[in-house]
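**Q** With chain A fixed as given, assemble chain B onto it according to the hints.
There are 2 protein chains.
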Amino acid sequence: MSLNNFITVKNAIKIIENRKFSFSTEYIPLEKSNRRILSENIEVLLNVPPFSRSAMDGYAVRAIDTSNSLPTNPTYLEVVDEIGAGENSKITLKPFETVKIATGAPMPSGSDAVIMHENTEESGSEIKIIEKVERHQDMALTGEDLKKGEVILKKGQILNPNQLALIASAGYSRINVVKKPVVNVINTGNELVDPTTNLEPGMIINSNKYALKGLVEDSLSVPIMSTCADDLEIMVKQLKSCLKECDVIITTGGTAISKGDIVVDAVEELGEILIHGVSIKPGKPFGFGIIDKKPVFMLSGYPVAAAVQFDIFVRDKLLNMQRINRKIELLNVKAGSDVRSAPGKYNVIRAWLNGETVTPIRTKAGINKSITQSNCYILTDENTGKVQKGEICQVLPYKNLNIC
Amino acid sequence: MSLNNFITVKNAIKIIENRKFSFSTEYIPLEKSNRRILSENIEVLLNVPPFSRSAMDGYAVRAIDTSNSLPTNPTYLEVVDEIGAGENSKITLKPFETVKIATGAPMPSGSDAVIMHENTEESGSEIKIIEKVERHQDMALTGEDLKKGEVILKKGQILNPNQLALIASAGYSRINVVKKPVVNVINTGNELVDPTTNLEPGMIINSNKYALKGLVEDSLSVPIMSTCADDLEIMVKQLKSCLKECDVIITTGGTAISKGDIVVDAVEELGEILIHGVSIKPGKPFGFGIIDKKPVFMLSGYPVAAAVQFDIFVRDKLLNMQRINRKIELLNVKAGSDVRSAPGKYNVIRAWLNGETVTPIRTKAGINKSITQSNCYILTDENTGKVQKGEICQVLPYKNLNIC
Numbered sequence: 001m002s003l004n005n006f007i008t009v010k011n012a013i014k015i016i017e018n019r020k021f022s023f024s025t026e027y028i029p030l031e032k033s034n035r036r037i038l039s040e041n042i043e044v045l046l047n048v049p050p051f052s053r054s055a056m057d058g059y060a061v062r063a064i065d066t067s068n069s070l071p072t073n074p075t076y077l078e079v080v081d082e083i084g085a086g087e088n089s090k091i092t093l094k095p096f097e098t099v100k101i102a103t104g105a106p107m108p109s110g111s112d113a114v115i116m117h118e119n120t121e122e123s124g125s126e127i128k129i130i131e132k133v134e135r136h137q138d139m140a141l142t143g144e145d146l147k148k149g150e151v152i153l154k155k156g157q158i159l160n161p162n163q164l165a166l167i168a169s170a171g172y173s174r175i176n177v178v179k180k181p182v183v184n185v186i187n188t189g190n191e192l193v194d195p196t197t198n199l200e201p202g203m204i205i206n207s208n209k210y211a212l213k214g215l216v217e218d219s220l221s222v223p224i225m226s227t228c229a230d231d232l233e234i235m236v237k238q239l240k241s242c243l244k245e246c247d248v249i250i251t252t253g254g255t256a257i258s259k260g261d262i263v264v265d266a267v268e269e270l271g272e273i274l275i276h277g278v279s280i281k282p283g284k285p286f287g288f289g290i291i292d293k294k295p296v297f298m299l300s301g302y303p304v305a306a307a308v309q310f311d312i313f314v315r316d317k318l319l320n321m322q323r324i325n326r327k328i329e330l331l332n333v334k335a336g337s338d339v340r341s342a343p344g345k346y347n348v349i350r351a352w353l354n355g356e357t358v359t360p361i362r363t364k365a366g367i368n369k370s371i372t373q374s375n376c377y378i379l380t381d382e383n384t385g386k387v388q389k390g391e392i393c394q395v396l397p398y399k400n401l402n403i404c
Numbered sequence: 001m002s003l004n005n006f007i008t009v010k011n012a013i014k015i016i017e018n019r020k021f022s023f024s025t026e027y028i029p030l031e032k033s034n035r036r037i038l039s040e041n042i043e044v045l046l047n048v049p050p051f052s053r054s055a056m057d058g059y060a061v062r063a064i065d066t067s068n069s070l071p072t073n074p075t076y077l078e079v080v081d082e083i084g085a086g087e088n089s090k091i092t093l094k095p096f097e098t099v100k101i102a103t104g105a106p107m108p109s110g111s112d113a114v115i116m117h118e119n120t121e122e123s124g125s126e127i128k129i130i131e132k133v134e135r136h137q138d139m140a141l142t143g144e145d146l147k148k149g150e151v152i153l154k155k156g157q158i159l160n161p162n163q164l165a166l167i168a169s170a171g172y173s174r175i176n177v178v179k180k181p182v183v184n185v186i187n188t189g190n191e192l193v194d195p196t197t198n199l200e201p202g203m204i205i206n207s208n209k210y211a212l213k214g215l216v217e218d219s220l221s222v223p224i225m226s227t228c229a230d231d232l233e234i235m236v237k238q239l240k241s242c243l244k245e246c247d248v249i250i251t252t253g254g255t256a257i258s259k260g261d262i263v264v265d266a267v268e269e270l271g272e273i274l275i276h277g278v279s280i281k282p283g284k285p286f287g288f289g290i291i292d293k294k295p296v297f298m299l300s301g302y303p304v305a306a307a308v309q310f311d312i313f314v315r316d317k318l319l320n321m322q323r324i325n326r327k328i329e330l331l332n333v334k335a336g337s338d339v340r341s342a343p344g345k346y347n348v349i350r351a352w353l354n355g356e357t358v359t360p361i362r363t364k365a366g367i368n369k370s371i372t373q374s375n376c377y378i379l380t381d382e383n384t385g386k387v388q389k390g391e392i393c394q395v396l397p398y399k400n401l402n403i404c
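Chains as they are written, first to last, in our numbering: chain A, 1 to 404; chain B, 1 to 404.
In isolation and in its complexed conformation, chain A is listed as follows (with noise of 0.2 Å):
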């Protein structure tokens, strides 16, 4: 398939949203929970209080025979029993009558509310109380908390430690979350080499492995990461060997015409290609295909486009196939410069935002330390061309990119 059917931006995002894949879920213990994606409601297995519980140390009372109470006019109830924490009373509460109840003792039978102990005045069997005490004071209704069968937590979120406290006080000690898709990386390149001070002519150090596993592991997923020869049968083969083990494959290198395509003609071979080329700058030679129902996502080689490529491409669908689904919020912000934006193309120029204004980082395509000193991008589409200084552009913070 040549390079030249170039769509837009947003026709090849709608191409590799409409396209669905499975995945599965897991049943693991809460506590190895955090961060992971509900994939079941949360149904509340037991009332939190399960009883109703006294919440003071103080008196078990019928509120109605307080009703009139004043220091002017106190309430005299007779002491009939006492129950510490853990205990239980047999007794239901009669007009006039009370029970002395520590902290957390379940309410005896005919009380609805609790006065602390130092509002009230003991005189042998009986306390004297000089205030009105409301219904439900200073006590714990069953079920308060939690109520057994309330749904809490809905199925699709990314679990946070307080949300896991909130599982277990539900009664869970395992939960079902969503498995993490397991992603084969491929770095292609005859000139790919591991990391050295000693580059022989014609080498590059491959530093989209690093970019890549780590924004794998950024998309809560599972990276596997590989390197292959520029040549089409090894690529097949490999290709092959790693769809039997992962979830989603995604390439580096190997996309454009100079290289011969490879990539792209291994995946055709094996499966289907959905795009090759769109009309974004930088990354223009993308591509996107399918094998064996499993996505394949064909990024360029040079690292500056990769990059973009993940960033606008990639990673919202690795998210999606988890069940996640989620806007990017964009800022408008005024430009700091004139931003140079190709038209006709839509254009992720990498920027720095500070405060009210941001200010496009002038440099090469080659230049990767271009990535880590800026902050956002300048996104502009087919229509937009040059912005001028002063004009509104709209803005993509990287924070806004990841999910945590």
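Calculated from the structure, these hints are not laboratory results.
Hints should not be assumed to be uniformly reliable.
[Stated by the list, open to error] Simulated restraints, written as ranges between beta carbons of each label pair:
id : chain 1 : residue 1 : chain 2 : residue 2 : range
1  : B       : K399      : A       : N198      : 44 to 50 Å
2  : A       : F21       : B       : V193      : 39 to 45 Å
3  : A       : I392      : B       : P95       : 49 to 55 Å
4  : A       : E356      : B       : K90       : 36 to 42 Å
5  : B       : I234      : A       : F23       : 42 to 48 Å
6  : B       : E121      : A       : K293      : 48 to 54 Å
[Claimed, not checked] Calculated lysine-lysine pairs in the DSS-like style (CA-CA distance at most 30 Å, straight line):
id : chain 1 : residue 1 : chain 2 : residue 2
7  : A       : K317      : A       : K20
8  : A       : K284      : B       : K284
9  : A       : K237      : B       : K32
Treat the numbers as computed from the prediction; the structure is a model and nothing was measured.
Cβ atoms here follow ideal geometry from the backbone N, Cα and C, with glycine treated the same way.
**A** Frame of chain A; chain B shown alone:
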């Protein structure tokens, strides 16, 4: 130590900040360094590119030879050699000479620019140029991306995937990062049980275990979870034994007088208590001590209070021990309803931030669900008291607590 010397939140934070704790580093493979904290400055080990090279297929020229080129006044250069990628030329360009060059090939001596193939016209052993070629046009200079000896990243930052790629390009396959602190979390309380649907009277599901394990993980630290009975002797023994394997201890429960302060007593027996009791609501029985130069954070048993204590006193100290210093961003937001705030206390009130207004969640102290039904804290200090609807209050969105 009795629970009556309440200090302010500000003073408590100062006491914790002033104590410095040692940290160690480890030398690990770069591919395992995503989201780790860099503990060395990264100095570039080799020039990138390692030699000046052509960025296009074309001709290497001396820019000065073309300075008067025009369609009406073409320049003619003699082609004296040809360099493919991975090849080298021994030629030094003399005036009005040129060398045919492939993308990526090293620039021949004497040349300082490249003109693209399509902008030239070949005729015999000469090429015709009808435009001025700028110095350094369409070529990359030695060290243009990364210069040998240049410091590109400073220690003390959390590494992201793009930074890893840059470090690889700088020649590193292993780097020094901060070793993650090991945090032993001891949940104390005879009443604590693992999640169950069949809670015996007086028993409580140990939800703090799940919250704190996740909170420690999210603080880039390694949790070791344990429980302990409400027994001074056992507690002392357990503290002693876990000190051998950890850098930090966090306890829950056993800090309030009602339970006999056993945790505080145990810590005092083995080390030093610096804080016990802070004028914060919720969470006043918070304690902080030191044993064997290791910090001990004593949190409440009540999950709602423990979560607040972690957020206000613990998280940033764990990060600071790893050389991460940050200032959490607070917002000034209009109160959507009256905010009850106890005067004389630092109040941490769970609330819902919705665009321009923030509304406190009305809830009792024991309601754990409130943690997940809110998205921010309203913070009021000792002098604030009640905040009226429409007044501005300080808001800490939960998402600002996380580091990522």
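**Q** Next step is simple, just say for each hint if it's right about the structure.
**A** Each hint, compared with the structure:
The hinted window of 44 to 50 Å between K399(B) and N198(A) holds, with their beta carbons roughly 45 Å apart. The hinted range of 39 to 45 Å is satisfied by F21(A) and V193(B), whose Cβ atoms lie roughly 41 Å apart. The beta-carbon spacing between I392(A) and P95(B), approximately 51 Å, falls within the hinted interval of 49 to 55 Å. At about 55 Å, the beta-carbon gap between E356(A) and K90(B) misses the expected band of 36 to 42 Å.
For I234(B) paired with F23(A), a C-beta distance near 46 Å keeps the hint of 42 to 48 Å intact. Separated by about 52 Å at the C-beta atoms, E121(B) and K293(A) satisfy the suggested range of 48 to 54 Å. Between the alpha carbons of K317(A) and K20(A) the distance comes to roughly 10 Å, so the proposed pair stays at or under 30 Å and holds. Note on K284(A) and K284(B): the hinted pairing is violated, with a Cα-Cα distance of about 59 Å set against a maximum of 30 Å.
With a C-alpha separation of about 28 Å, the suggested pairing of K237(A) with K32(B) holds against the 30 Å cut-off.
In summary, the structure is inconsistent with hints 4, 8 from the numbered list given earlier, while agreeing with the others.
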